[in-house]
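Colleague: Line order of the protein sequences matches chains A, B and C.
With the first sequence counted from 1, adding 114 to any position gets you my numbering.
With the second sequence counted from 1, adding 119 to any position gets you my numbering.
With the third sequence counted from 1, adding 21 to any position gets you my numbering.
Fair warning: there could be bad hints in the mix.
[To be verified] Not close to chain C: a few residues of chain B, all C-beta gaps over 12 Å, as computed: (1) 284; (2) 307; (3) 391; (4) 405; (5) 485.
[What the hints assert, rightly or not] Among the chain C residues that face chain A by a calculated CB cut under 8 Å, a handful are: (6) 26; (7) 141; (8) 193; (9) 208; (10) 211; (11) 214; (12) 224; (13) 230; (14) 234; (15) 276; (16) 303.
[Claimed, not checked] Computed footprint of chain B on chain C, listed as stretches where at least three residues anywhere in the stretch have a Cβ under 8 Å from a Cβ of chain B: (17) 62 to 69; (18) 78 to 86; (19) 253 to 264; (20) 316 to 325.
Just so you know, these hints were derived from the structure itself, not from any lab.
None of the values given here were measured: they were computed from a predicted structure.
For each residue, glycine too, the CB sits at the ideal point set by N, CA and C.
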Amino acid sequence: MLEADSLSLAYGGRVVLEGLSFEAYPGEVLAVVGPNGAGKTTLLRALSGSLEVAGGALSCCGFSAAAGERLGAGDRISYAPAYPDVDPWISALDLVLSYRMGPRRPWARPSREDLGAALESLRRLGAAALGPRRTSEMSTGELKMVMLAAALSRRSDVLLLDEPLAYLDLRNQSIAMSALRAEARRGALVLVASHELHLLRLYADRVLVLSGGRAVAMGRVDSVLSEDLLERAYGVPLREERALVPSIHRAGGARERRSYCNYFRCGAPGRY
Amino acid sequence: MRRKALSSVAASLIVVAVVVAMSAAYIGHQLSAYSAQVSELYSAVSSLNRTVASQASATSSIASQQQSIQSRLSSLESSMRFPASAVDATGQQIVVYSEPTRIVSLMPSDTAILFAVGAGPQVVGVDKYSSWPPCLSALKANGTVKDIGSGWYPNPEVILSARPDIVFGASSVPSNHALKQQFAAYGIPVVLLPDNTIEEVLQSIYTVGRLTGHTGAAQLLAENVTAELSYAEGSTIGLNRTSVALIVWPSPIWVAGNGTWEDQMITAAGGSNAFSKVSGWGPVDPEALLAARPQVIIYTAGHGQLNYTEFMSALYQKLGPAADSVPAIASGRVYAVTGEYNDWLTEPGPFVGYGTILLSVLLHPEAYGMNYTSIPHVVSPGTLRLPVPASVPVISTPRCASAVSSP
Amino acid sequence: MRGGLLHLLLPLFFALSLFLGPYGLINPFSQGLGAFVLELRLLRALAASLVGLALAASGSGLQALLKNPLADPYILGVSSGAALGVLAAIAAGFIWPLAVSLAALLGGLAALALVMAVSSALGLTRTSMVLAGVALSYALSSIDMIIMMDLGPAVQGSLAWLFGTVAYALWGELAYAAPLMAAGAAWIFLRAGHLESLMLGDDVAESMGVRARRLRAEVAVASALSTSAAVAVAGPVGFVGLVAPWIARLGSGGAFRRIYPLSLSLGASLTVAADLASRFVEPGGMAPLTSITALMGAPVLVYLLARWRG
């Protein structure tokens, strides 16, 4: 339901992405990877509606945007930024509630349903204890979990998550990955921009690789992420520096996943 | 959550409702009070008409006729004084229906004029800076006259607690204008007296006399002041004008320039203002003294707060050795005026005449048969007696009614 | 419920303001001078409530908009512009009340227009707005100082205005200023949802459909409108616009929709209480409003901050 057609995006006067064409479907987790500055965040921002399309067309969940327009999909999309820039005095629960209620209705007060959904979302991500704490008194990792809980609380059709696993410790990473899989099972389209290449196999279905302003590959994680491709995309001589990204080199992705999950207890939602 | 929301909404609504209800109730009540007052005023005016009409129809025998004519004359005189009207500095006409018995003054100059025309017994409130006549402090102490605080920043409620029927203020003070509009709603006239020139000071004297029922005394006072001014002018006529710098604040140096009443006093006293280029009261650099080269420097030193020696040393500090190139400093004709003399030069009140005579003595001592070397540097009533002949009318210090003691 | 109780402060101080004063206790049903003094007290209390409400609205809106907890209603240069207007009017001889208050209103709005023009050229970002506002404030203050020096002894009259007071409020002034203050506060209220989303981050807010640039322009204009009208009535009353949103925040959590109504009510209460106190500070005199709002507000703020440390 998400389609980009020769999409070009510009940021700060510079063309960041050109001729990007791809499709994404509900119920899958699509990872967007690439070097720094490749345009991952720019793509996510354009999809979230905070950046104009520079060229081509973009459409999602019944809305579309041509050159010069913003994609205004409103409630259908939830966006979580890579580095949250939130008011320091707000509490985690207030953050999730404000996110869920959105910008309408100045006289709105959180309903019982809103409160329930917010608490449930925090609980699912193991952050229920953070509820009353102020954002200024949390670590960045805790704040990212709260932000993720906020984005998940709306149960939107499309989730746009920029670096959701950054700053998280091992336990929180596994909780987050389970949550993402659960969202996909619910029928949402989850778009994740990430640098954690070694974790992609654990939660992503497909991957889109951006490099040099263009898409260089798209497909299932197992098939697309080869040493060759990564070398070309990132410009890093992987074969000579095996120690850099050790887990990529091992064959047998399924075995990887099993041992990782045995250790860190990935599983169905509701376990935590 | 909803309950919380509902109760805070309810609390806010209650707040709003209470405030609105209270305001509506009071405003409604005041409207009816005002209509009652309007009808009161109307009946007062019509009763005045009846009084005049009835007095016109009195008849009797010759002896009693003479008596009644005399009594008619005196009551006609008092009823002719009121209703009295005058125009204040804002151009508004103020009408006073009967003799005011509770007067409040907001400025020292207004207080001085009120007491000088004989309205002292009618005064019930003055500002904290008023100091003339000297018995005022005793009156404030025994509660006959209420201290209403600063006239520059008056508290309306405190003034009203003195229950005035007329208030005198100054037209140069913005807060007095606001007070005028506020009190107009209740019918208390606030008279804003002008104070920029000597003519306006005389005008104020007339206005005060008219509105307080002392037109005769006001007339006399104005004539006295004019006579004093003429005396000063006459004594110095034909003499070369002495250039003078009148310094009203030492640091930074502020002088009285053109367009002030001090400037007019200087001209009447046979002097010329060394800073006539400055408009109004303005700050000048000490170096400007070097350029202006005044022959006399007069500095109003308040009531002893500002010291002559400190002033001189400050001048020397700022000007350095060039100080002696200023004629006034070289010849020693630098005078610090304190005490009551200071008020004569700083208040636009009934003493402008005396102040002009003082200036003429300082600027042209030779006209009075004195040598300038005999004039002390600190000029106060205690150190310099003004050589005023008996022919020049004086402004007598009024006795304060029911004063415990006069200093 | 804690927040809800704080709303009761306003009717409490309002009522005290009607009963207490140098004139003494007044029988509300008496005619004559007592009734007139009561009406003056009512006028003062109403003016103080409205001014406090307007300043708190402006302060909350700007603190959320600029993400700056130290923002107050004057950060965009409104009070310096208003002061310049008033001093220029007084120096030119227009010293009657309506002229002074109109000069304040126009001066404040003109200052905002200048700040917005400069900031627009720089992209209308938060930083450019604050910098332009602060720079303009300093520039205008220097002109103010020159005019004040020029006034000579007459400067005392303008000082009364510069320190802020509601004692000289007039029904006519309130009649034209109250709608402006209410309009500004209402406008910010209508944008409360957007401002709350802005607390989540600019990009998150944009993803929810909030146009950050337009919101900044709107809230800046709305806040300048209510601040200029408040300054036109009472002069630049300080500290209320800074501290009322803070006490609201500390009393009821951080979400903007929740703290906004509370900060309006607290702003009004604080100003009415300060006006009440100003009558008694000097026997027979009056203290300026700004000094009392600061003296009262600062300890409250410090106490609340200390209590809510954890």
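Colleague: Hint by hint, say whether it matches the structure.
Modeller: Against the structure, the hints come out as follows:
no.	hint	verdict
1	284	violated (10 Å)
2	307	violated (9 Å)
3	391	holds (21 Å)
4	405	holds (15 Å)
5	485	holds (33 Å)
6	26	violated (18 Å)
7	141	violated (18 Å)
8	193	violated (32 Å)
9	208	violated (11 Å)
10	211	holds (6 Å)
11	214	holds (4 Å)
12	224	holds (5 Å)
13	230	holds (6 Å)
14	234	violated (11 Å)
15	276	holds (5 Å)
16	303	violated (38 Å)
17	62 to 69	holds (count 3)
18	78 to 86	violated (count 0)
19	253 to 264	violated (count 0)
20	316 to 325	violated (count 0)
Checked against the numbered hints given earlier, this structure breaks hints 1, 2, 6, 7, 8, 9, 14, 16, 18, 19 and 20; the rest are met.
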